[in-house]
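Residue numbers (this note's numbering), protein chains in the order written: chain A, 8 to 340; chain B, 1296 to 1669; chain C, 66 to 341.
One should not assume that every hint holds.
To be verified - Cβ-Cβ distance ranges computed for the label pairs, FRET-style:
1) A:G229 x B:P1311: 25 to 33 angstroms
2) C:R339 x A:R128: 50 to 58 angstroms
3) B:Y1359 x A:I129: 22 to 30 angstroms
4) A:F151 x B:E1434: 15 to 23 angstroms
As the list claims (entries may be wrong) - Computed cross-link-like contacts, DSS-like style, restricted to lysine-lysine with a CA-CA straight-line distance of at most 27 angstroms:
5) A:K295 x B:K1603
6) C:K101 x B:K1470
7) C:K224 x B:K1665
8) C:K199 x B:K1665
9) A:K277 x A:K162
These are calculated hints, taken from the structure and not from any lab test. The beta carbon of each residue, even a glycine, is placed where N, CA and C say it ideally should be.
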Amino acid sequence: MTITIEPDVEIVEERIDIQVRRSTADRVYRAAATAAGATTFVLMGLIGTFLLVRGTGAFRKSGFSFFTEFAWQPDLGGKFGVGAVLPYTIAIALVALTIAVPVSILAALFITEYAPRRARRILTSIVDLLAAVPSLIYGLWGLFSLQPRLVKLSKWMADHLGFIPIFRVRAEGPKTLSLFPSSTFIAGIIVSLMLIPICTAVMREVFGQAPTNEKEGALALGGTRWGVIRDVILPFGRGGIIGGAMLSLGRALGETIAVTLIISPVFTPKLDILSQGSNSIAALIALKFSESNELGISALMAAGLTLFVITLLINSMASFIVSKSRSGEATEI
Amino acid sequence: MTDTELDTELAPATEPERIRIRTLDPDDATAVGGSALASLALTWLIYGRLVPLTGGLGFWVCWYIIFVTAVWAVTRQLSDAIHARDQLARVIIWSGGMAVIAPLLLVVGYTISRGYHALRPSFFVEDQRYVGALSKSTEGGGAHAIIGTLQQVGLALVISVPLGVMSAVYLSEVKGRLARPLRTATDAMSAVPSIVAGLFIYAIWILSFGQSQTGFAGSLALSVLFLPTVTRTSEVVLRLVPGGLREASLALGGGDWRTTSRVVLPTARSGLATAVILGMARVIGETAPLILTIGGAFVVNANPFSGKQDSLPYFVFRLVRFPQESQIDRAWTGALVLLMLVLVLFVIARIIGGRGPDHIGRLRRRRLKKEGLA
Amino acid sequence: MTLLDNTTEFVVPSTIDRSRVEMEARNVACWFGDNKVLADVNLQMPAGEVTALIGPSGCGKSTFLRTLNRMHELVPSASLAGTITLGGEDIYRSRLPVTETRRRVGMVFQKPNPFPAMTVAENVVSGLKLAGVKVTRSERQDLVEHCLRRAGLWQEVEKRLGDPGRALSGGQQQRLCIARALAVEPQVLLMDEPCSALDPTSTRRIEETIATLQETITIVIVTHNMQQAQRVSQRCAFFLAAYGEPGHIVESGTTERIFNNPDDPRTSDYVQGRFG
Ligand SMILES: Nc1ncnc2c1ncn2[C@@H]1O[C@H](COP(=O)(O)OP(=O)(O)O)[C@@H](O)[C@H]1O
Ligand SMILES: [Mg+2]
């Protein structure tokens, strides 16, 4: 008897080439949605292009010194650049961040871990509401109510912490309170008030996604609540903290009205943050806009482009970090 | 009889008493309360003598530091170091929570206290045409600014809500090849500095297209800020629509467009409305983009497409920088009205957001009756 | 029995023949990406009969069911091979639009999923809306009543037609979903574990509904409940997937034979609850 061994041929099945014939309505709908989505790209491109086109005149005149020159006198035919304004912008943002990030971490931890369940919803609402209060109103409140109190704090810091360079304020004669308003420090504090709700919202959301089983695991081992926060929530939420901070940084750099109301613009750089006088690109645009001639406007466009590029980079990075640390659903940032 | 009725009938009439689980240990509460009082007393004793601080702010800073230290020390005495650290964290984190609530009360309270005495009904109907820098703050009003703000925000809404919702539909329903880059771009754009939006509209609309400053130019600038916000929030809302509903619609033979328009969007209706209104509440207070685009005015201009217009935030921003008290008071009144608008929008958003997708409004109920579907 | 009083005749304006038809699958194989989850499935689902698909979880019953009305292709990575015919017409290769196929082959899901933004009545006629079919007010009202009667739900919801669909109990919601599927006059109805989320009373109601429907519609049902399979179906197919291998049909035939006299020992083990 002969046994015929059939060759072990892998039969390649032919997969169906699925064709979806969409109706006209469906095709129109998809095209419309795609077009709507594309407007955001178009808008982004247009902003960059038009600021560049309008700013070219100024860039051409100043060359690279636009980024190093302290003065801002395009209208008088003088020199101009963001060499002083940009560092001031960053300094205000850093002051704001130094306050906003720790407070937001605490507030987010409070909302997710400590607040009773009912209070949690109310607090979330309050944070949302705080984010909706116009920066104009924060600025007014800061100017009229907070600043008169903060100058005392500034003076105290200058008196007692003056050995730290950024708090050292030199004065001829005794230091009076009038040395301290409209400073980088005060502007930074007011901006921080606007950042806290935004930053808290991002962090709350990420902390809220900390895995329950790990939390319960830590508690079941006899850990304290602080232990859970330190060992589970903070490590888990690190991306949220960094992302939230960077997002706030983007906002802080671009904040206009509150800063414009608080500061008195100066164009000479200084090391300390407590004494009167500060600046920011956004405030520069808001304040100089109405009194600028053609070259002046062009210079403002160049400054605006600088700000646009910086915030775009920071925010894309922030969004990348936050989206990596959270899954799927998210509140808006 | 339905099963739920059965269930309730079987439920026992009297429930056994449940154990109440206390989240706050009485010993801890005593320790915290005691520390608070003791540190208050101590601060009062030493303040101004040993501490190099003055003023009310300093007093409370000093109290807080002593209080926190006392909580830690007392708990450590009563139990152990681990517990003490836990208590310390609890107290500090609670303070963080309070630090978020405090500004809301302070900002709202201060705005009311500064703004209410110049607030008259006439503020809503008169403009600034007969008002000079020396007139009393109760004279004239902000009608021109309110009209301007409503028109500018309304136009911005008309421009960006359809675009934004459609973009969100692209992200969550069509899921095309552009979805991922679009999400990143939307994130990046949602934080474009508001002054840059104004500068951009100035560059393209006024300098390049040769248009003049109008309310419409302002609403274009607001749209630049509004579009990414609407896209982002709407996408979040659309993603909450269960996938099973889309499948059910497709299984009934619904095409993509009808699935989106008849099933997904109606289900997300209240969420979308909330997202739009919250976005409006944020946009309504934007000042910076308007400085460059609307021009500002003192009299009513009800045509957003021609001539300069005013807006509430710009009105406030201009007046508050005058030296006269009356102008500053007028600015605060404007700020109060603005804040009220924001609060009203916020409350509306919360009410709508609280409704489930199965809420049937009066209008819809009437239409359903007419169609024989209710 | 009141459930049988579906006497109101109703005709949906339509050009296609809606008489009951059989479905047939030949050499069907399915993939998710490169993962082959179903191989060489051959099954006849005769007209006017109830075919039950049984087998342990994960052996591809749902996947197979979803190929029958082209829901399978909604998963981005999914693909398939073989032939599936509806009344002799190849649903993947003919020029029949996919929406038309799905209208002819209706589907009821495991979890009841009425549209939350619609009332009970709106849910019933939602299929017409989704298909863009316009009907008059009286036609619409007739259709609502007719479909709810066929689904055995009319008496319970007659007074609640204006309530939101989700206000009904779970069993009522599932029957509402059946009524919704019936409104587009399908020739075949696919049911994927329609009772697994329901209590025994609701389950019995749905089984009664199936019994009345099968006179006019070909039904394919996935179930994990052996008694249910025996009660409702005339034909039965047993699916199985060895670990790491694609699922396939071990054997199929009349329900009577599969349960009382199966060829394959694995089948008898499964139907007698010895594994799975
Ligand atoms: N969307 C999907 N993507 C990838 N694999 C899937 C998907 N759905 C089902 N599968 C896989 O296909 C196999 C069959 O699943 P399914 O048809 O749901 O089984 P059943 O309904 O018999 O329990 C399982 O191994 C499952 O993991
Ligand atoms: Mg299944």
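Status of each hint after checking the structure:
Here the CB-CB span from G229 (chain A) to P1311 (chain B) is close to 29 angstroms, well matched to the stated 25 to 33 angstroms. Checked against the given bound of 50 to 58 angstroms, the beta carbons of R339 (chain C) and R128 (chain A), roughly 51 angstroms apart, stay inside it. At roughly 24 angstroms, the beta-carbon separation of Y1359 (chain B) and I129 (chain A) lies within the given 22 to 30 angstroms, and the hint holds. Remark: the range hint 15 to 23 angstroms for F151 (chain A) to E1434 (chain B) is upheld by a beta-carbon distance near 22 angstroms.
Taking the CA atoms of K295 (chain A) and K1603 (chain B), the gap is near 20 angstroms; set against the 27 angstroms cutoff, the hint holds. Taking the CA atoms of K101 (chain C) and K1470 (chain B), the gap is near 25 angstroms; set against the 27 angstroms cutoff, the hint holds. About 17 angstroms separates the Cα atoms of K224 (chain C) and K1665 (chain B), which keeps this hinted pair within 27 angstroms; it holds. The hinted pair formed by K199 (chain C) and K1665 (chain B) meets the criterion: a straight-line CA distance of about 15 angstroms does not exceed 27 angstroms.
Among the hinted pairs, K277 (chain A) with K162 (chain A) is consistent with the structure: their alpha-carbon atoms are about 17 angstroms apart, no more than 27 angstroms.
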